[in-house]
Amino acid sequence: MQEENIFYTVEMQREVRDFVANLEKELADYPPLYERDIVQVRKEQEEGTGRYVKPVLSDKAIEREIQGSEGTVTVRAFIPEDQINGVYLHIHGGGWVLGRAHHRDDDLEEIMSDCNAAVISVDYRLAPEHPYPAAQDDCESVAMWVIDNAMKEFGTEKIAIGGESAGGHLSVSTMIRMRDKHGYSEFSGANLVYGVYDMSGSPSLRLWGDRNLVLSTPTMNWFFDHYLQNEDRMDPDVSPLYAPLHELAPALFTVGTLDPLLDDTLFMHSRWFASGNPSTLNVYPGATHGFERQPTQLAEKVRSRMRTFISESFQS
-7 MQEENIFYTV
3 EMQREVRDFV
13 ANLEKELADY
23 PPLYERDIVQ
33 VRKEQEEGTG
43 RYVKPVLSDK
53 AIEREIQGSE
63 GTVTVRAFIP
73 EDQINGVYLH
83 IHGGGWVLGR
93 AHHRDDDLEE
103 IMSDCNAAVI
113 SVDYRLAPEH
123 PYPAAQDDCE
133 SVAMWVIDNA
143 MKEFGTEKIA
153 IGGESAGGHL
163 SVSTMIRMRD
173 KHGYSEFSGA
183 NLVYGVYDMS
193 GSPSLRLWGD
203 RNLVLSTPTM
213 NWFFDHYLQN
223 EDRMDPDVSP
233 LYAPLHELAP
243 ALFTVGTLDP
253 LLDDTLFMHS
263 RWFASGNPST
273 LNVYPGATHG
283 FERQPTQLAE
293 KVRSRMRTFI
303 SESFQS
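Under the working numbering, the first residue of the sequence shown carries the number -7, and numbering increases by one thereafter.
There could be a bad hint or two in this list.
Using 35 Å as the maximum straight-line C-alpha spacing, the simulated DSBU-like pairs for lysine-lysine come out as follows [stated by the list, open to error]:
1. Lys52 x Lys173
2. Lys35 x Lys17
3. Lys173 x Lys17
4. Lys17 x Lys46
5. Lys52 x Lys293
6. Lys17 x Lys144
7. Lys46 x Lys150
8. Lys293 x Lys17
9. Lys144 x Lys52
10. Lys173 x Lys150
11. Lys52 x Lys35
12. Lys144 x Lys173
13. Lys293 x Lys35
14. Lys46 x Lys35
15. Lys150 x Lys17
Label pairs and their computed distance ranges (CB to CB) [claimed, not checked]:
16. Gln289 x Leu49: 25 to 33 Å
17. Glu149 x Glu292: 27 to 35 Å
18. Pro72 x Glu121: 29 to 37 Å
19. Glu292 x Leu49: 17 to 25 Å
None of these hints come from the bench; they were simulated from the model. These figures come from a predicted structure and were not determined experimentally. Every residue, glycine too, gets a C-beta built ideally from N, C-alpha and C.
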C-alpha cells in the first residue's frame, strides 16, 4: 500500500482553495441538479449552456459499434498511428444518468499520445431510461470485445481500465464480472478516480449534507434513485465494495478531501490492498469532485500522474 502527493505544493493548495471558493459561489446561482430536468441538463451539456462548457470533439476519435447483450454499444476509439503499448478501456462518469464518451475527448487523446495507448471509451446506456444493470452490461460487453480482439486489432494483450465517479464504479464492476463470469483477471492496471463503490451511501456521503461542491448528499441520492430500482444496494454487483476483491489489477486511487465520495475511495483502497492487490492512494486536501478537470496546476499534475500510471501498467 502506497500513498503519494509528492508534487502538491503549498502554492498549488492555495490555488485550489481559491478556485473552490469561487466554484461554490458560482454553483449557488444555479438550482441543484436534483431539482433539474434530466433531458434539459443533457441538452445544456451538449450545447455548452448554463454552467456547462461545450465538449470539444477530437478529429482523432473514431466511433465503432460493438455487439452487446441487448444490441450494439457505441465506443469512441483513439488509435495511435504508430506504436501501441497497450489498450486503455475508459468508462466515463455522470452518475449513470449524465455524460457521454465524447465529453472526454481531450483527456483521451492525451492518453493516446502520451501512453501510446489504443483508447476505447464506452458510450453505455444511461438511466433512468436504462436502469441497472444496463450500464454494467454494456461495459462488460465492451470489455469482452477488447479482451478477445486486443491482439488482433492492436497487437497487444496489455489492457488497463479506468474511469471517473460512476466510471470508477463501472470499472471495478467490470473487472469483477470479467473475473467471475469469464475467468479473466489480467487487467494490467486500474485508474480509479473518485469512484462510487457503496451505493447504500458511505459515511462521508451520508454526513455531507446539502453543501453543493459539484456533488452533495441529495444529488448522489438522486443519481442512485435513477439508476437503481428495487435492488439491494449492498448487493456486490451493485456495490463492489462488498464484493470479493482478490485477483484484481494494481490500482491508482485518486480523490479530494472535499468530495462527498471520499470514504468510497478510502474504504475501497484499503479493501483492495488487503485483498492482495497492489494499491496506491492519492488524497488531495481541499480538492472537490471533478478536480482533475479544473483549470489549476494541480489538475495538470494529477492528469499527468494518471498517464504515468497507465504507461507503467503496460510495462509490468
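Tested hints:
1. Lys52 x Lys173: holds, 34 Å
2. Lys35 x Lys17: Holds, at about 23 Å.
3. Lys173 x Lys17: Between Lys173 and Lys17 the Cα gap is close to 47 Å, so the pair fails against 35 Å, i.e. violated.
4. Lys17 x Lys46: Since the Cα atoms of Lys17 and Lys46 sit roughly 21 Å apart, the hinted pair holds (cutoff 35 Å).
5. Lys52 x Lys293: holds, 24 Å
6. Lys17 x Lys144: Distance ~51 Å between Lys17 and Lys144 Cα, so the pair is violated.
7. Lys46 x Lys150: Within the cut-off at roughly 33 Å; holds.
8. Lys293 x Lys17: Judged against 35 Å, a Cα distance of about 25 Å means the pair holds.
9. Lys144 x Lys52: Holds. Lys144 to Lys52 sits at ~21 Å (cutoff 35 Å).
10. Lys173 x Lys150: holds, 20 Å
11. Lys52 x Lys35: holds, 24 Å
12. Lys144 x Lys173: Distance of about 23 Å is within 35 Å: holds.
13. Lys293 x Lys35: This hinted pair holds, its Cα atoms lying about 31 Å apart.
14. Lys46 x Lys35: OK: Lys46 and Lys35 at ~10 Å, within 35 Å.
15. Lys150 x Lys17: Status violated; Cα separation ~44 Å.
16. Gln289 x Leu49: 25 to 33 Å: Once the Cβ atoms are compared, 26 Å apart, the range 25 to 33 Å for Leu49 and Gln289 holds.
17. Glu149 x Glu292: 27 to 35 Å: holds, 31 Å
18. Pro72 x Glu121: 29 to 37 Å: holds, 35 Å
19. Glu292 x Leu49: 17 to 25 Å: Given range 17 to 25 Å: holds, Cβ gap about 22 Å.
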